[in-house]
Amino acid sequence: MKTKSSRPNHTVRTIGLMVGLWCGLAIANAGWAAFGDDLEKPKPEFTRQEERMAAKLIPRGKSSSVLIEFQAAGGRLLGIEGVDFDPAGQRGMDAKDFRSDLFAVTAGGISPGGEVKLSLSSNYFTQATELWVLNRASKTPWLPAGAESIERPDRVQELVVAVKDGGPLDSDGASNGEIVLIVGPKDSFWGYALGTLFIRFFGVFLVLGVLQAGMLLAGQVFQALDRRKETPKFAAVRTTALGEEPEKVSEGIEAEAATAIGVALHLHLAALRAEAAMNLEPSDASSWARQGRTQIMRDRLLTHDRAGRK
Amino acid sequence: MTWEYIGDLILSILYTQTGVPNLEVKQLIMLAISGLFIYLAVGKKFEPLLLLPIGFGIFLVNFPLVPLMGYTEHGTPELIRAFYKYGVEWEIIPCVIFLGLGAMTDFGPLIANPKTLIIGAGAQLGVFVTYIGVLFFGFTLKEAASVGIIGGADGPTTIYLTTKLAPHLLGANALAAYSYMAMVPLIQPPIMKLLTTRYQRKIRMRQLREVSTREKLFFPLIASVLIILLVPAVAPLMGMFMFGNFMRESLVVKRLSETAQNALMNIVTIFLGLSVGATMQAEVFLNWKPLLIFGFGLIDFVICTAGGILTVHVMNLFLKDKINPLIGSAGVSAVPMSARVSHNMGIQEDPNNWLLMHAMGPNLAGVIGSAAAAGMFIAMFQ
Chain H
1 MKTKSSRPNH TVRTIGLMVG LWCGLAIANA GWAAFGDDLE KPKPEFTRQE
51 ERMAAKLIPR GKSSSVLIEF QAAGGRLLGI EGVDFDPAGQ RGMDAKDFRS
101 DLFAVTAGGI SPGGEVKLSL SSNYFTQATE LWVLNRASKT PWLPAGAESI
151 ERPDRVQELV VAVKDGGPLD SDGASNGEIV LIVGPKDSFW GYALGTLFIR
201 FFGVFLVLGV LQAGMLLAGQ VFQALDRRKE TPKFAAVRTT ALGEEPEKVS
251 EGIEAEAATA IGVALHLHLA ALRAEAAMNL EPSDASSWAR QGRTQIMRDR
301 LLTHDRAGRK
Chain F
1 MTWEYIGDLI LSILYTQTGV PNLEVKQLIM LAISGLFIYL AVGKKFEPLL
51 LLPIGFGIFL VNFPLVPLMG YTEHGTPELI RAFYKYGVEW EIIPCVIFLG
101 LGAMTDFGPL IANPKTLIIG AGAQLGVFVT YIGVLFFGFT LKEAASVGII
151 GGADGPTTIY LTTKLAPHLL GANALAAYSY MAMVPLIQPP IMKLLTTRYQ
201 RKIRMRQLRE VSTREKLFFP LIASVLIILL VPAVAPLMGM FMFGNFMRES
251 LVVKRLSETA QNALMNIVTI FLGLSVGATM QAEVFLNWKP LLIFGFGLID
301 FVICTAGGIL TVHVMNLFLK DKINPLIGSA GVSAVPMSAR VSHNMGIQED
351 PNNWLLMHAM GPNLAGVIGS AAAAGMFIAM FQ
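As you go down the protein sequences, you meet chains H and F in turn. Letter by letter, the first sequence follows residues 1 to 310 in our numbering. Letter by letter, the second sequence follows residues 1 to 382 in our numbering.
A portion of the hints provided could be inaccurate.
[Said to hold, decoys possible] Here are the simulated SDA-like cross-link-like pairs (lysine to any residue), alpha carbons at most 25 Å apart as the crow flies:
| hint | chain 1 | residue 1 | chain 2 | residue 2 |
| --- | --- | --- | --- | --- |
| 1 | H | K229 | F | S250 |
| 2 | F | K115 | F | Q382 |
| 3 | H | K62 | F | L229 |
| 4 | F | K216 | H | V210 |
| 5 | H | K62 | F | P167 |
| 6 | H | K62 | F | I132 |
| 7 | H | K117 | H | D154 |
| 8 | H | K62 | F | P236 |
| 9 | H | K41 | F | Q382 |
| 10 | F | K26 | F | Y15 |
| 11 | F | K115 | H | F205 |
| 12 | F | K202 | H | H268 |
| 13 | H | K43 | H | G74 |
[Said to hold, decoys possible] Have a look at the derived ranges for each label pair, beta carbon to beta carbon:
| hint | chain 1 | residue 1 | chain 2 | residue 2 | range |
| --- | --- | --- | --- | --- | --- |
| 14 | H | R76 | F | H74 | 45 to 53 Å |
| 15 | H | L143 | F | A235 | 43 to 51 Å |
| 16 | H | K43 | F | L319 | 31 to 39 Å |
| 17 | H | K43 | F | I92 | 54 to 62 Å |
| 18 | F | P48 | H | L265 | 36 to 44 Å |
| 19 | F | P336 | H | K41 | 40 to 48 Å |
| 20 | H | L67 | F | I92 | 25 to 33 Å |
| 21 | F | E258 | H | R228 | 28 to 36 Å |
| 22 | F | E73 | H | Q127 | 50 to 58 Å |
| 23 | F | P190 | H | S149 | 46 to 54 Å |
| 24 | H | E148 | F | E24 | 55 to 63 Å |
| 25 | F | E283 | H | S149 | 44 to 52 Å |
Derived from the structure by calculation, the hints contain no laboratory data. Just so it is clear, the structure is predicted and the values come from calculations on it, not from any experiment. Virtual Cβ for every residue (Gly too), placed ideally from N, Cα, C.
Modelling step: build the complete structure from the supplied sequences, incorporating the hints.
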C-alpha cells in the first residue's frame, strides 16, 4: 500500500522537476532566444533570358524551389531584386502571407507617364494568390495591385498588373520613363494552414480507410481459400464420426475431456465472482456490530449449505 | 626565456587547449539537463534505451572545445558529427529502425480486426491540432509540423520528419517524444477515465479470429501497395517497415529477421541516441522553443489519446459489436506501452476482460497512421 501511494508522488516530483528546470533555463536564456526570426526567408536567384527574367527561390513553408517568371509588356525589364520585409514598414502586414518574398522590379523603355503591363507567372501561384504593392511614399503603403489572374493550360497561374509611370504603384513617384514596383504575391497564411490541416487530417483517414477496405477484402479472400482447403478435412471427420469412433470430436481432444475443462472453467469463474460479491465495502458500524452481522450471515449461509446438511 | 614568457605560454595553453577557462553558464545548464535525462533513464527506467544515449550525447557535447560535433580543418566530420551526418541527416537511421520494428511486429491483431485502423487515424487528431497551436506562437509551418508529429508517439517518425523539415529542433522534438512516450502510463489513464463511463470500460469484445500465416505474409505487400500509392512520400519509412515484417513472416530468412530485430536495431539505436543528444548544444538549444515544444508535446499526447477514444465512441454508434473505448487510447502508437495501459485499465473494471490483443490493433494502426501523417506533411512541403 505504501509503495502504491508513494509512486505517483515520485513521478509528479520528477515531472515537476523537469518542467521547473525547463522553465528556469528558458527564462534565464530568453535573452538570446532565436524566437520569431524569419528562418525561412526566401533567397531568390535571378536569371535573365532575353526579355524575360526569372526568380528561383524556396518559398516559406516549402522544401523545394519554385520558379517565378517576370515579363513586361509595353516596356523593358531593367532589373529585379529581392526586398527585405522590414518590420518597420510592415504596418499590419505579415511576412508569412508573402511566402515567395517581395521583389523590386524596375522597368524602363516607356514614355514618361506611360504604362507597362507587368506579369508574374508560376505554377506555385493559385487562383487565390493576389499581388500586393508596397509604396513607402504613399499614405497607405500597402496596396492591392488589382492584378488580373489568368490560368494557363500548363497549370501555370499568371498575374498581370498595369503600372502607370508616376502612378500610385510606382515607388519612385516620378514620371521619368522608369517604373519601380515593389510587389509580392500574397496568399493567406492562416487560410493555407487551416485548409491544409483539414485536407491532411482527413487524408490520414482516407489512407487508413483504403487500407482497411483492402484488408477486409484480402481477409475475405484468404478466409475463403482457407475454408476451401479445410472442407475435405471436415468431411473426413464427419464420415469417421458417423462410423466407428463416436468419442472423437476433432483431432486433439475428446468430448469427455472438453466437458471436464468446461466445467472446471465455469467453477473457477463462479468462485471468482462469489469472492468479488463477498468483498463488501466497510461501513461506519463499530467492530462489535460488524462481528455480529458476520455471525448472522454465517448462520444464514449454513441453511443453504447443502453439503453440510444432514 | 623569461618568466613572463613562460607565464604567457601557460595562460595560452590554458585558454586554447583546456576546457576549464572556457566553460560557460549555459554549458553548465546543459550538463544539468543531461544529468536529468540520464537520471530518468537509469533511476526511473524511462525509455532507457533511448534516453540514456541521448542524455550521454548531451553530456558529451556540452564541454568546451570538444572535437565531437564540428568539422576538422579538412572538412572531415568529427566523431558524433559523422554519426549524425551519415545516420540522421542522410535519413538512414530512422528508416533502419523502422526495418527492425517491422521485423518485430506481429500484425495479427490488426489483420484480424481491420476496423481498428480507423482508430489509428482518429488518434492523429493531436498532431494536427498542435500543428495549428504552435503556429500561433510564431513557429514556421515546417517547425509546426515537426512539433505536431510528437503526438504520434513514434520516435523514429518524429526524428525522420524533424530531420527533413526542422533539423534545428531535432533534439527538443526527439527528447519530448521519447519522454512523453515513457510517461504514457501516467498521461493516458486520467483522460481515458474522463472520456469513458464505467459501463463502456466493461465492454467485452468478441475474440479475434485466427489469422493464417498466408494472410500475415501478404499483409506487408498489400499494405505497401496501398500506402505508397496514396502517400509516396512515406515510402522510405513504410517500405522499410513492411520489408522488415515481410522478412519475419516469410519464415525463410530467420537470420536476417533476427539481425534486424536485435543486433542491427541495437547498433543504430546507439548511434541515433548519441547523435540526437549531440544536437543539443547550449548555443543552439537554449531558447524558448524547447520549452514550448515540451508544453505542446504534452497537449499533443493528450489530444491524440482523446482523439482515439472519441473515434471509438463515434464508431460504436454504427457498430453492432461494440468496441471497448479504452483501446482507442492505444491509437497513439507508443507500441506496446499504450496497449498495455488500455489492458490494465480494462482489468481494473473487469478482471476477466482481456483487452491486450484488441488494443494491439489500434496500436499498430497508430504506427501506420503517424507515418501517414508524416508523409502528408512531407508531401505538403515538397
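Failing hints, ascending? 2, 13, 16 and 17
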